[in-house]
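Asks: For the protein sequence lines, the chains are P and R, in the order given.
Under the working numbering, read the first sequence as residues 2 to 322, first letter to last.
Under the working numbering, read the second sequence as residues 19 to 134, first letter to last.
Please keep in mind that the hints were generated in silico from the structure rather than gathered at the bench.
Heads up, the beta-carbon is just placed ideally off N, CA and C, and yes, glycines get one too.
If you want the footprint, here are the derived chain P segments under chain R, 3+ residues with CB under 8 Å:
(1) 9-16
(2) 22-30
(3) 108-118
Label pairs and their calculated CB-CB ranges:
(4) R/N61 <-> P/R46: 42 to 48 Å
(5) P/F108 <-> R/A59: 33 to 39 Å
(6) R/P32 <-> P/N270: 35 to 41 Å
(7) R/S117 <-> P/R46: 45 to 51 Å
(8) P/A260 <-> R/N115: 51 to 57 Å
(9) R/N115 <-> P/F100: 30 to 36 Å
(10) R/D94 <-> P/A260: 38 to 44 Å
Dumping the calculated DSBU-like pairs for lysine-lysine here, alpha-carbon to alpha-carbon at most 35 Å:
(11) P/K93 <-> P/K267
(12) P/K93 <-> R/K62
(13) P/K93 <-> P/K43
(14) P/K267 <-> P/K153
(15) P/K94 <-> R/K62
(16) P/K81 <-> P/K94
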Amino acid sequence: MKDLRILAVDDDRAFQMVLQGTLAQLGYNDVTSVPSAAAALKVIRNSPQLFDGFLLDIEMPEVDGVELCRRIRAMSVYRKTPIIMVTSLADKKYVDSAFAAGATDYFTKPLDEIELRARLQVMRQLVDERQRALDLLDELKSWSDLPKANIKFDAPLSVISASWMVEYLAMQNHLLTLNRLQLFGHAAVGFTVTNASEAFRLTDHVGYIDYLANVATVIAESLKTSPFSMAHAGQGDFVVLTNRTAVSDPKSMQEEVRAGIASYQKLYNSLGLPTPAIQVGRPVSASIFSQRAEISSLLDRARMSAQIGLEDGQNAQKQWN
Amino acid sequence: MSLSASKQLPAGLPEVLRAAHDVFINLTTDRILQIEALTVAINKGEDPEPAAREIAQIAHKIAGVAGTLGYPDIGDLARSVEQSLKADILAGAPLQNWSSINPAIEDLLDAMEEVI
Numbered sequence: 002m003k004d005l006r007i008l009a010v011d012d013d014r015a016f017q018m019v020l021q022g023t024l025a026q027l028g029y030n031d032v033t034s035v036p037s038a039a040a041a042l043k044v045i046r047n048s049p050q051l052f053d054g055f056l057l058d059i060e061m062p063e064v065d066g067v068e069l070c071r072r073i074r075a076m077s078v079y080r081k082t083p084i085i086m087v088t089s090l091a092d093k094k095y096v097d098s099a100f101a102a103g104a105t106d107y108f109t110k111p112l113d114e115i116e117l118r119a120r121l122q123v124m125r126q127l128v129d130e131r132q133r134a135l136d137l138l139d140e141l142k143s144w145s146d147l148p149k150a151n152i153k154f155d156a157p158l159s160v161i162s163a164s165w166m167v168e169y170l171a172m173q174n175h176l177l178t179l180n181r182l183q184l185f186g187h188a189a190v191g192f193t194v195t196n197a198s199e200a201f202r203l204t205d206h207v208g209y210i211d212y213l214a215n216v217a218t219v220i221a222e223s224l225k226t227s228p229f230s231m232a233h234a235g236q237g238d239f240v241v242l243t244n245r246t247a248v249s250d251p252k253s254m255q256e257e258v259r260a261g262i263a264s265y266q267k268l269y270n271s272l273g274l275p276t277p278a279i280q281v282g283r284p285v286s287a288s289i290f291s292q293r294a295e296i297s298s299l300l301d302r303a304r305m306s307a308q309i310g311l312e313d314g315q316n317a318q319k320q321w322n
Numbered sequence: 019m020s021l022s023a024s025k026q027l028p029a030g031l032p033e034v035l036r037a038a039h040d041v042f043i044n045l046t047t048d049r050i051l052q053i054e055a056l057t058v059a060i061n062k063g064e065d066p067e068p069a070a071r072e073i074a075q076i077a078h079k080i081a082g083v084a085g086t087l088g089y090p091d092i093g094d095l096a097r098s099v100e101q102s103l104k105a106d107i108l109a110g111a112p113l114q115n116w117s118s119i120n121p122a123i124e125d126l127l128d129a130m131e132e133v134i
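So here's chain P without its partners, still in its complex pose (with noise of 0.2 Å):
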């Protein structure tokens, strides 16, 4: 995991050597401490490389930690960047101006390791957020093929580069290809966004799109290891196929996925759009004896299978196995 790079500001020596020392503890080795307000502004403007996070005193003299806060906000490359104010109780109730000022969170003096380290985490959490955020938009810079307009809510979409993502056309293809034996080791899972109609009126055609590359992106994280491809079939129904040996419990399938969704909740919240609402279904296959046409419908009865979802759909899928 990557250390995060984190500006400490603070006036008294002893308190940022505490911190450091605690930092350390915990982990983070990457912190650099200065005393001021004034030799922060210097460090960021020389910094060649931009901090994850900073930890600012409130009570420092001259320009104190609200208006520090202030001022790093107002650079744009800092608007989303996590501050933590460190207050003391006696100061507490400057904490308000803070974020009004824009400080993300903040933890009291004297020091509270389990206090800091859940602070840390938040920062983590909200920096992860924002790299992947900025790892989706690079994505859809780099596309060249991105369609500008003309995304019809119902027709399939590639929503991400990756090596894993295919059309739904070549999916359906690509099945029609294999032979008997090979067809029978291949199983496809659907997955549903079933609040995803709500989010294409909600959003613009590239954010939708993004919409769509967050969750193509978090349901892959859930496959783990396993070789398999995957497809949007529109609608906000994704497609995966993989060995039919390799497949997940559905249930625990579905739990993580929800659970590297909600993990977003706070950006999906920061951008308007409902955090979505994934169902998995049960994975489904062909059997050694299928006819042409049931193995065209595979992925048909993926999507279908998700749509019911786990619960609702264990008697529709007593009938197709």
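Fit chain R to the known structure of chain P by using the hints.
Replies: Just chain R now, with coordinates in the frame of chain P:
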């Protein structure tokens, strides 16, 4: 003026905080002298507000680390002095409770002297 830091760490203090502890002890001597001088100035009848603000600021720094470095009593005394002074400054009457704050400052100084 500063004395060399105590090599004996308070019980239970992790080794990683040794350097911070030594800095704190070294600063303590200077801070005792600063607080004493400011208190004398107030008792002589000089403008109390700047002096009270400065004492509160020093107490703030002590309160922020003393407990972590194994001196919780000093931390508590410093916090109490800081809060009382700030409350009076905020009320526009820095000497309003001086008769009770002055002895609290003396208690803080006594506790600080014990660690150097």
